Amino acid sequence: MVGSPSAELGQAVTAWEARAAGAIAAVLEQAGARRPTEAARTLINFIRGFELERLVNTNLSVTDFKRRLMPLLQALCQLE
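For the sequence shown, the numbering used here gives the first residue as 385, with consecutive numbering after it.
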């Protein structure tokens, strides 16, 4: 299926994710993440999961997102 719309979309998403992970990893490294690239991918997947959950549970808010995000960032960056 080389050249199909699905393959092209997959390549675009993969390229975007690599750029995003690189940028996020740079910030996480400055914040003290021991494995910034893995931490960036974890963060991207966390966000995707929250987006999917938000589609089903429209009552989720920014406050809910922050409440879940902060412990994850603390663990990834070993913040106190």
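No wet-lab data here; the hints were simulated from the structure.
There may be inaccurate statements among the hints.
Pairwise CB distance ranges (calculated) [as the list claims (entries may be wrong)]:
hint, residue 1, residue 2, range
1, 390, 421, 25 to 31 angstroms
2, 454, 390, 34 to 40 angstroms
3, 444, 414, 15 to 21 angstroms
Because the structure is a prediction, the values reported are computed rather than measured.
Ideal placement from N, C-alpha and C gives every residue a C-beta, glycine not left out.
Going down the list of hints, with the structure as the test:
1. 390 to 421: 25 to 31 angstroms: holds, 27 angstroms
2. 454 to 390: 34 to 40 angstroms: holds, 36 angstroms
3. 444 to 414: 15 to 21 angstroms: The hinted range 15 to 21 angstroms is violated for residue 444 and residue 414, with Cβ atoms some 29 angstroms apart.
Of the numbered hints given earlier, the model fails hint 3 alone.
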